[in-house]
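Protein chains: 4
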Amino acid sequence: MDFEHSERTRALLARLDAFIEQEIAPREEPYHRQLLASDDPWVVLPVIEELKGKAREQGLWNLFLPDAEHGAGLSNVEYAPLAERLGRSIIASEVCNCNAPDTGNMEVLWHFGSDEQKQRWLAPLLAGEIRSAFCMTEPQVASSDATNMQATAILDGEEVVLNGRKWWSTGVGHPKCEALIFMGLTDTEADRYHQHSMVLVPRDTPGVKVERMLPAMGFLDAPGGHGEVSFTDVRLPASAIIGGAGQAFAIAQARLGPGRIHHCMRLIGLAEMVLSLACARATERVAFGKPIANLGGNRERIADARIAIDQARLHVLHAAWLLDQNSPAALGAVSQIKVATPNMAQGVADMAIQMHGGGGLSDDFPLAAAWTVARALRLADGPDEVHRGVIARLELAAYGKGKWAGS
Amino acid sequence: MDFEHSERTRALLARLDAFIEQEIAPREEPYHRQLLASDDPWVVLPVIEELKGKAREQGLWNLFLPDAEHGAGLSNVEYAPLAERLGRSIIASEVCNCNAPDTGNMEVLWHFGSDEQKQRWLAPLLAGEIRSAFCMTEPQVASSDATNMQATAILDGEEVVLNGRKWWSTGVGHPKCEALIFMGLTDTEADRYHQHSMVLVPRDTPGVKVERMLPAMGFLDAPGGHGEVSFTDVRLPASAIIGGAGQAFAIAQARLGPGRIHHCMRLIGLAEMVLSLACARATERVAFGKPIANLGGNRERIADARIAIDQARLHVLHAAWLLDQNSPAALGAVSQIKVATPNMAQGVADMAIQMHGGGGLSDDFPLAAAWTVARALRLADGPDEVHRGVIARLELAAYGKGKWAGS
Amino acid sequence: MDFEHSERTRALLARLDAFIEQEIAPREEPYHRQLLASDDPWVVLPVIEELKGKAREQGLWNLFLPDAEHGAGLSNVEYAPLAERLGRSIIASEVCNCNAPDTGNMEVLWHFGSDEQKQRWLAPLLAGEIRSAFCMTEPQVASSDATNMQATAILDGEEVVLNGRKWWSTGVGHPKCEALIFMGLTDTEADRYHQHSMVLVPRDTPGVKVERMLPAMGFLDAPGGHGEVSFTDVRLPASAIIGGAGQAFAIAQARLGPGRIHHCMRLIGLAEMVLSLACARATERVAFGKPIANLGGNRERIADARIAIDQARLHVLHAAWLLDQNSPAALGAVSQIKVATPNMAQGVADMAIQMHGGGGLSDDFPLAAAWTVARALRLADGPDEVHRGVIARLELAAYGKGKWAGS
Amino acid sequence: MDFEHSERTRALLARLDAFIEQEIAPREEPYHRQLLASDDPWVVLPVIEELKGKAREQGLWNLFLPDAEHGAGLSNVEYAPLAERLGRSIIASEVCNCNAPDTGNMEVLWHFGSDEQKQRWLAPLLAGEIRSAFCMTEPQVASSDATNMQATAILDGEEVVLNGRKWWSTGVGHPKCEALIFMGLTDTEADRYHQHSMVLVPRDTPGVKVERMLPAMGFLDAPGGHGEVSFTDVRLPASAIIGGAGQAFAIAQARLGPGRIHHCMRLIGLAEMVLSLACARATERVAFGKPIANLGGNRERIADARIAIDQARLHVLHAAWLLDQNSPAALGAVSQIKVATPNMAQGVADMAIQMHGGGGLSDDFPLAAAWTVARALRLADGPDEVHRGVIARLELAAYGKGKWAGS
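Residue numbers (numbering that gives the first Met the number 0), protein chains in the order written: chain A, 0 to 406; chain B, 0 to 406; chain C, 0 to 406; chain D, 0 to 406.
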């Protein structure tokens, strides 16, 4: 058992830390202010493109991609600490072309895309020239149960026809968003896990309409945002289907493991950032004659946050390692971190908000936004309750088999 | 011991319930949509003025004011259940002229205002013709310790001169906001509780500037909002001081008891509204073949919410009754409810958000806004930690007196 | 709404407080030490009988009984604060003949007993001359679901024959325990709520055997204790059935409402006692140069305990009042307090243990025992989960009726 | 980063698992019953000695000792998973000579003992022929602050004289307990960390008296137990001092790191055992027509327990690894696991008790005892609050240095 990172990771961490400190950190608050002050937040400010250029030059680009030619070629456990560093910043993931949902979409195309799809869509995504969205959950049903999905992707000769309404399509508000991955029901006769297809939809296809951008707890999260998107008789060649009709569940499963690990590691970085703001505030602000760190239970809260973050980090790294080992235990481990990490980050952010007083609620600090990201991830990629159900099913599988068949 | 409401309260409850059901409820969601859709949210939509007229006609007006001539003449424990009903709606408090911070400001003027102040400011406030704000906390210091206050209200001959920067001045964004109550340091030589003054400042006095409107967890809470306001050499006649120089602490104390009870009772109404949305969703949405109420721990969560709300309601009613009795126990009781109620409401809202899936984060439901109101009240009117300190001090006062002197 | 106790209650409270202070308090710790030191803990120490005599003389006797002739004739809400006072002491309930399960058993006999049963059993119970036990839950099944009950009470001509094994029969170890109330299945053909009977069993009837006394979290709770009792072909005249065959559920329901309120009010007294020990320790013990009250989050913990106790007290009083009013809301309210109060008391006791360091785990303080009482009551009289189920069912009854029928 | 155990550990795990399954598991419940049934619990039942012999034969002996000659020669991270396995059983630690406090005492002697001490005391301890106790905390002061210690170890010529009263001296009730390690104040003039000495005291030295055995939450934990021990003018040659006068703090620090890791890993094993009982019960017991696993929030509770255990295990393994690396981060990490692990185990045990109904409180299952072990470890080896203070101090050290000096 060795908790040391690999040499590759250590080298990349050193370079990434230096890049964040020198290039990104000084531009974060100005970026945040500038975006707040702009009339139209659905823009890419020039500083982002400038930083992306530098990141690419320095090889801090596509770090997430297991492909050594087009990305960093890292395993999950090797990429995880880099994702944590990215998560400490509000723009670093985007700057290093490691932002969701593009990362997941790129992985899908890298694993399952046709050559044509790779050339037309994966290449510019990997180059950071375009952005993408993922259209899965629907407003009218409980999407925690994927079999509820109502949108359709019906084969019609050489074409596939899409209909339905999706929401929480993250990234669809981005001015460079050109590709949507749509998931819909193709064949109700097939077995439960082969009824759905994923289809790559060019953003400008007739019948695709962004109905509105959704605020999450008051935040639009521009410029990517989250959209409600309607698909009305959207016609595409059948070759737009990714990996073949009926393969959506298999693709989703492959996408979700690493995707959840990325989300969780970024959240750990977020929690570290938030805790460091809380500590700074706690030592600088004075009330009743003492730094507020020394009042009431504040030190215990800081200690509890440190414990929670360190436990969560080890947990996610372990899940990443299990995934790398193709361990059957990875399934439960990924569900575990998906429950534990957002709850941890939400709690740390709540503590940090309280430590900041009224400032914590404002947009003077990235705390309210951090809280919201963590809160949203208790629902996105499967609500806590569904993951707890998976974990319990695995745990109970060894007991009283007779009674449990079919449960 | 009798938990029955007074006859007056029961009669008013019946009328208020009918008014909310018939007049307000049907207009709530349309109001919400219309405000979201408007380019400028800092407006009073006509429906509000229309409803205010009806409320006033029906005597559902100024219910909070203990004065039987200008208000309903109710004790705190009599008004409390009405405040709960108002809190179930996002506009009813405003419609019945029972909205914070105007209620507190009206009480201050009613108790401590000069005849001139009453005529010029209290009368139109009671008539619902103007709105007001309260300018106390400051961005540069920990305002949980009121002695940190840096703004000044210096006497200069017949005048008082105000300087300083305030924030979280709720209501200052309202188009009808015409009066600000400002609190500042007048006399550093006086004893600790007589150094500060409250000054009534017409909104259009030179030197008063709303620097910006602050979002709370992403919400601007228009049209009242929360402002950061600078006061630069603001000159007013000394008669603008309320209740005499150095009286601010005494006034604040008188204001805060009933004010905290109102906040808490409205929060209980809010929690009831939020729980009812959760129950409706839990019975209507289906996943994995069952209404989601029947999945996992959802029923237990609903039960826990019911327990928490009912305990909080009794707690607040008891604190109101102690205040009505001029009991010395009221001080601790008000601090207790001020800790317990917002935490309860935040928890219920978090549960309801989770029960709604992605919808819970959106503005399709008033859940994210409800969460934010509750969260903000863990800081407004004294953060949880300060109130816990008060409660512990009172609790420990009976023990080991020798050691505790001066603690 | 009036939170003042009735004049009768206030008068009894004054006398009871004086009696506890003067007579009981000085004898508590010696009693505890003497019982610990005795070779056989299944004894009634003389001090108990002496104190019982005094309590009876002073009219502080059978305070729980709504009958004005044989008891204090108080309503539930009037008795509740007296029960709280009794709960602050480890012997006062017994001294005032207000101890469970005798209270519940006396109420059952008072309500449902035949004249013969009243004369033979109720009279000496009311006189404090004998003790009793209640035999309901069973080791082999989940007794949270009463329909699981396997013990039988079969009519055989003029006789009833009992078979089965019961446990957690509290009080059965008491040297004066002479009567058991046994619940068993009589008629599987009757509807679900009329299948069971309660039977009054003299302790010395052939076939009744106390198999063992059960420790609860290590505590035997002598001299009453909790027994596992087997019933083997126990034959009694049919007149031993209480209230008629098939009436057990109706009797149990009538018994459980007030019984749960008594339990909860005693727990509130217990929590007050425990908090007061924590406060005393927190001010007396010094570590790192400060009384431990001033270390870390200890004051916040004390504040949270105060909040929790006060909320629970109001909650239980309200439930008692609803029961007195025959309100349909009493059902849910009693389930609510049954969940909330033991959890509250367990938490306060855990805090007090921690505040006492190693001493908190020992039997030098009544903290470990208090914790255990509270913990046990999360299971006794229905586990938390079952009560939460009741509360949720009531809460959801108003929603989506169609879907919920039969749930 | 590699989460795989070392080859040595894997080999030992395989043998230990087999030994526990074949030799220990079948004897656990009979042992427990036999001990409960014996009149005198302060005995070593023959089965223990028999199993010890087998363990020693198979080389499953002194696994904790880093010395390859006398023990297994494992690093902390290598021993940790073995300690977890031992913790799943109530007797395995003793059987494999890996029980506290003997392990810590053996380590102290191995590191700091003189040749004479090693020969006379370490040898028979390593051989499992005698047992030992550790006498540190005192009833009259808050022992969380070691500088409060009142017991003295005064040098008098060639002798050292011990006076004072210790409690929670675990193991002192064991019939084979022959050696006590006593800690007392030697030199109040020395600097704060060099005032105390550790002295090896033969159990039968005149002046040593076990005043009483202390129950922990009702449990005597026989046959080792926890004693209150008085030392009255206990005279020993100065050579009985371990590692030299004034070295007690240094020795304690060296002892506590691995000791806390062992405790935590055993707790993780305990939590696994407890969770497995909960799962078995949840699938076997039926209420309301379903296995109780399928009622209410029970599955979510099982999932939360799994998450909590897995996080804690990784956390402890990481702390062990840091200790092995001599990392400066080990200090904080050990405090973190010392807070987090007992709280986790207490929570899992509380859940398992609830899942077992009344049985969970009884001694039919090792649940109440498991809860008590976990609860006691929130106080033993430093209460939670003290460790949180250490963690917060380390966390805040990087912030606002100027202000924090001396805090």
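Just so you know, these hints were derived from the structure itself, not from any lab.
Each hint should be verified, as a subset may be incorrect.
The calculated label-pair distances, taken between Cβ atoms and stated as ranges, are [claimed, not checked]:
#1 Ile153(C) with Pro29(D): 36 to 44 Å
#2 Gln21(A) with Tyr192(B): 50 to 58 Å
#3 Pro29(A) with Phe287(B): 46 to 54 Å
#4 Pro123(C) with Arg211(D): 33 to 41 Å
#5 Pro25(B) with Glu115(A): 35 to 43 Å
#6 Gln324(D) with Ala13(A): 16 to 24 Å
Heads up, the beta-carbon is just placed ideally off N, CA and C, and yes, glycines get one too.
Here's how the hints hold up against the structure:
no. : hint                                 : result
1   : Ile153(C) with Pro29(D): 36 to 44 Å  : holds, 37 Å
2   : Gln21(A) with Tyr192(B): 50 to 58 Å  : holds, 51 Å
3   : Pro29(A) with Phe287(B): 46 to 54 Å  : holds, 48 Å
4   : Pro123(C) with Arg211(D): 33 to 41 Å : holds, 39 Å
5   : Pro25(B) with Glu115(A): 35 to 43 Å  : violated, 54 Å
6   : Gln324(D) with Ala13(A): 16 to 24 Å  : holds, 19 Å
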